[in-house]
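S.K.: Spelled out from the first residue to the last, the chains are:
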Amino acid sequence: MSAAAALETRRLSKSFGALTVANGIDFRLERGARQALIGPNGAGKTSFVNLVTGALAPDAGHIHLDGAEITALAQAARVKRGLVRTFQVTQLFRGLSVLENVTLAVCERRGIGGDMWRPVGRHREAVEEAYALLEPLGLAADAARPVATLAYGHQRLVEIAIALGLAPKVLLLDEPAAGVPSGETGRIIAAVESLPADIAALIIEHDIDLVFRLAQRITVLVQGRVLAEGAPEQIAADQAVRRVYLGERDRR
Amino acid sequence: MNGIAAALGVGLHGLAFAMVLYLISVGLSVTMGMMGFVNLAHGVFAMAGGYIVTNLINRYGVSLPPAIAMAAVAVAVLSLPIERLLYRRLYGGDELDQVLLTMGLVFMSGAAAQYLFGALQQPLRLPPALSGGLRVGIAEVSAYDAMLIVCGVVLVTGLWLGVERSRFGAKIRAAVDNLRMAQSLGIDTSRLFSLTFALGSGLAALGGGLGAALITISPGYALDNLVYFLVVVALGGLGNIRGPFFAALLIGLADSACKYLIPQFGAFLIYAMTMAILLWRPRGLFGRV
Amino acid sequence: MPAVPTDASAAITAHVWRHRYRAHEALPWAVALAAYFAFPNYLPLAAQTLATILFALSADLVLGYAGIVTLGQAAFFGTGAYTAGILAAHGWGEPLSGLLAAAVVAAAVGLLSGLIILRSSGLTLLMQTLVVAALLHEAANKASAITGGDDGLQGMQVWPIFGRFEFGLFGRTSFFYCLIVLFLCWLGVRRLVHSPFGRSLTGIRENVVRMHAIGAPVFVRRLVVYTISAGLAGISGALIAQTTGFVGLDSLSLERSGTVLIMLIIGGVGRLYGAFVGVPLYMVAQDRFSSIEPVYWYFWIGLLMVLLVSFARGGVLGLCDRLWRRARGRR
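These protein sequence lines are chains V, E and L, in that order. So the first sequence is residues 54 to 305, counted in our numbering. So the second sequence is residues 12 to 300, counted in our numbering. So the third sequence is residues 62 to 392, counted in our numbering.
Since the hints were made in silico from the structure, they are not lab data. Values in this document were obtained by computation on a predicted structure and should not be read as measured data. Wrong hints could be hidden among the right ones.
Some chain V residues judged to face chain L by a derived CB distance under 7 Å, without partners named [as the list claims (entries may be wrong)]:
| # | residue |
| --- | --- |
| 1 | F69 |
| 2 | V132 |
| 3 | F146 |
| 4 | I165 |
| 5 | A196 |
| 6 | Y205 |
What follows is a set of in silico ranges between Cβ atoms, one per label pair, in the way DEER data are often shown [claimed, not checked]:
| # | chain 1 | residue 1 | chain 2 | residue 2 | range |
| --- | --- | --- | --- | --- | --- |
| 7 | V | W170 | L | V165 | 13 to 21 Å |
| 8 | E | T168 | V | T202 | 51 to 59 Å |
| 9 | E | Y126 | L | L384 | 34 to 42 Å |
| 10 | L | C381 | E | T168 | 53 to 61 Å |
| 11 | L | A71 | V | Y205 | 23 to 31 Å |
| 12 | E | S195 | V | W170 | 51 to 59 Å |
| 13 | L | Q218 | E | L145 | 51 to 59 Å |
| 14 | L | A84 | V | W170 | 20 to 28 Å |
| 15 | V | R163 | L | G210 | 48 to 56 Å |
Here are some of the chain E residues that sit facing chain L, going by a computed Cβ distance under 7 Å [stated by the list, open to error]:
| # | residue |
| --- | --- |
| 16 | G115 |
| 17 | A122 |
| 18 | G180 |
| 19 | P293 |
| 20 | L296 |
Think of the CB as a built atom: it goes at the ideal place given N, C-alpha and C, for glycine as much as any other residue.
All chains should be built: construct the whole structure from the sequences, respecting the hints.
M.R.: Okay, here's the thing in structure tokens:
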């Protein structure tokens with residue numbers, strides 16, 4: 054594996070006072086991979102996402118995207134380079150329509166978000182691109198509806214549509230099915246399974262069944278450290294993981 | 012020697028001003044921190060206190076201490092229905108709605124004050140004991156300023172001890188810290204809000220009444236002094252009881268010094284200083300990060 | 062798979078056509094022209110109303126679109142008014158260049174103060190908008206050699222527009238001057254809010270976290286719109302200064318910042334037309350009532366605000382929306 058990974062961190066560290074959320078994390082996400090990041094509550098999963106996307110500044114360590122160092126880049130600049138995330142709790146423009154939610158993202162990616170003169174409607178290609186993203190997710194019929202009026206499961210799909218509108222190379226999916234009634238998770242799983250093959254996806258997830266279904270590789274994070282990494286069967290057989298992680302699950 | 016005496020005099024006057032500013036603003040800081048409510052009408056309670064005190068003294072010949080006590084109690088009681096009926100429904104709501112509601116109250120109260128008491132300033136007639144000057148070491152201080160400082164120190168100490176030692180104070184601190192947690196601990200936050208609000212309003216009335224000769228009472232009071240009260244809160248940090256004290260001290264002393272040394276600049280430097288401090292520390296000097 | 066709806070592109074079309082001009086948008090201008098003929102004795106008031114609509118429009122841009130709650134919009138209004146006023150009082154009474162100078166100076170003040178204050182949010186931001194205005198108010202108050210201080214700026218000499226149209230007693234020139242400037246500014250603002258930039262402002266108002274996550278330069282966007290809004294407010298202040306021939310300290314006051322918000326709220330925030338509804342209602346009512354009880358005007362305005370917040374959020378236009386929807390629902 055000499056080629057540059059889609060995303061790589063080296064000795065990434067971050068503490069808040071006495072609380073260490075990232076303790077020298079070495080992590081690789083290959084191009085086109087479907088990988089999962091799991092770990093018990095408070096393991097530092099969301100902090101890891103925040104560090105990688107630039108919402109938090111690390112105390113030490115490096116982050117590389119496609120072989121290029123991005124550690125010092127601002128959040129917006131990382132997005133421009135194709136590092137995109139979704140949120141565990143939906144972050145949408147609730148008063149705007151589904152189509153407009155995605156159009157905003159598409160406009161930013163196309164670099165026309167700052168255009169102050171031509172109306173959005175004159176950028177028809179951007180609107181059409183946004184609409185084209187809705188169709189495979191089954192959101193086309195809802196395109197004109199305000200997001201706030203959608204069922205939560207559909208809102209999660211809008212979250213994914215926005216991310217796709219940014220043409221990601223690396224997509225960090227922070228618990229894509231969180232809060233969704235079990236009857237509706239199917240569509241979200243389908244959406245993740247049908248992600249374009251050239252996108253490297255990292256799924257941060259709590260639900261083990263979902264992880265084993267979606268991921269080819271699993272990284273286990275415990276107390277800000279990588280405890281184990283490997284194929285699902287390896288992880289399932291790993292004694293340390295069973296103790297820390299699966300054990301916790303059994304207790305619940 | 013002269014210079015030192017003058018500096019001391021200016022400092023003592025600033026200290027007196029700071030006490031008044033703090034008494035008025037502390038309630039604002041707590042309500043903003045705990046309820047997340049932008050209360051631009053807080054100065055109305057200080058104004059009400061000022062009107063009650065000056066009228067009790069000037070018209071009915073009540074002496075200063077009972078007049079101030081009556082004003083504080085009356086305003087605290089009167090603030091309860093306002094909190095219940097108007098403020099409560101906007102807690103946690105849109106900032107703009109809060110601004111508009113409280114701005115509306117400021118306008119209404121100003122017009123009401125003018126209707127009731129006329130457009131002129133209300134003089135605070137001081138008893139003879141308070142109208143002279145005092146000598147403190149080499150410094151000269153007016154008896155009124157001295158009274159403000161003494162009252163301020165007593166009240167501030169009482170308030171701090173109260174908030175730190177009493178059960179009620181512990182509840183306030185818990186609610187400011189983490190409202191959800193406080194609720195889940197079984198604290199009746201609705202009651203707590205009302206009582207805290209009344210306490211803050213009462214203190215404001217106290218400050219407005221005591222300081223009526225320093226910040227003159229007129230229909231424009233709540234609007235004209237709004238910036239000062241907000242500056243104290245913003246510099247002190249929201250939901251903080253000590254922060255606003257030091258902020259008030261800073262503003263009081265700076266104001267007094269500016270008026271003495273460079274009166275041609277007026278309040279300009281105070282505002283400039285505020286902007287500079289907030290640029291450096293956006294959450295205020297004593298705000299939690 | 063859900064069937065692709067037959068009107069697959071209906072949503073696109075609706076979205077793409079949203080910026081098209083509609084017939085009802087001509088209404089304010091028709092009303093303005095009608096007012097010109099119907100109330101020839103009220104042209105000075107009408108001109109002031111038009112200029113104030115521009116002020117409210119500038120506030121709508123920051124408040125309604127970018128979601129910045131400001132109590133300091135008068136800072137820019139007053140800066141524009143004093144810029145035009147001081148020019149006219151010191152020998153340069155050419156109105157159009159005065160207007161331009163006012164816009165530039167006010168926008169510069171907006172840019173500088175925005176650089177400082179837009180880093181914070183919530184109450185601190187609100188307070189800082191207030192402090193900026195208070196700072197300028199105090200500066201104008203103390204620099205009485207230039208501004209006339211408390212007495213206001215005296216001795217403005219505004220030249221005729223293009224050397225031909227004099228600002229007469231009857232306010233005809235003033236009326237059309239304000240009307241045309243407002244119209245041009247409205248065209249620009251309308252263009253702006255329908256552009257991707259304008260939509261991204263709405264995005265910032267709706268969810269700033271998400272805006273960061275889609276890679277938008279949030280701070281820059283807010284700063285730009287704050288600056289533009291300041292420039293528009295400056296033009297509005299200059300219009301009033303030039304048409305009334307006077308600038309007072311009240312042009313920088315908190316009352317001015319507060320009342321423009323009220324006018325906007327009465328009309329409806331974030332809809333571009335709130336200013337066109339709220340400002341005339343407010344100004345005409347003020348003109349009627351304050352001649353009877355000038356002092357207590359503010360009492361009723363305050364009461365109105367309390368009632369609006371408690372019962373009629375969304376203002377007049379919001380109320381119309383609701384009635385319209387209910388009427389349609391019944392059919």
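S.K.: Now, for every hint given, state plainly whether the structure supports it.
M.R.: Hints and how they fare:
{"no.": "1", "hint": "F69", "verdict": "violated (20 Å)"}
{"no.": "2", "hint": "V132", "verdict": "holds (3 Å)"}
{"no.": "3", "hint": "F146", "verdict": "holds (4 Å)"}
{"no.": "4", "hint": "I165", "verdict": "holds (5 Å)"}
{"no.": "5", "hint": "A196", "verdict": "holds (4 Å)"}
{"no.": "6", "hint": "Y205", "verdict": "violated (16 Å)"}
{"no.": "7", "hint": "V:W170 x L:V165: 13 to 21 Å", "verdict": "holds (20 Å)"}
{"no.": "8", "hint": "E:T168 x V:T202: 51 to 59 Å", "verdict": "holds (55 Å)"}
{"no.": "9", "hint": "E:Y126 x L:L384: 34 to 42 Å", "verdict": "holds (36 Å)"}
{"no.": "10", "hint": "L:C381 x E:T168: 53 to 61 Å", "verdict": "holds (57 Å)"}
{"no.": "11", "hint": "L:A71 x V:Y205: 23 to 31 Å", "verdict": "holds (25 Å)"}
{"no.": "12", "hint": "E:S195 x V:W170: 51 to 59 Å", "verdict": "holds (52 Å)"}
{"no.": "13", "hint": "L:Q218 x E:L145: 51 to 59 Å", "verdict": "holds (56 Å)"}
{"no.": "14", "hint": "L:A84 x V:W170: 20 to 28 Å", "verdict": "holds (24 Å)"}
{"no.": "15", "hint": "V:R163 x L:G210: 48 to 56 Å", "verdict": "holds (53 Å)"}
{"no.": "16", "hint": "G115", "verdict": "holds (3 Å)"}
{"no.": "17", "hint": "A122", "verdict": "holds (3 Å)"}
{"no.": "18", "hint": "G180", "verdict": "violated (23 Å)"}
{"no.": "19", "hint": "P293", "verdict": "holds (4 Å)"}
{"no.": "20", "hint": "L296", "verdict": "violated (12 Å)"}
The structure fails hints 1, 6, 18, 20 (numbered hints given earlier, in ascending order).
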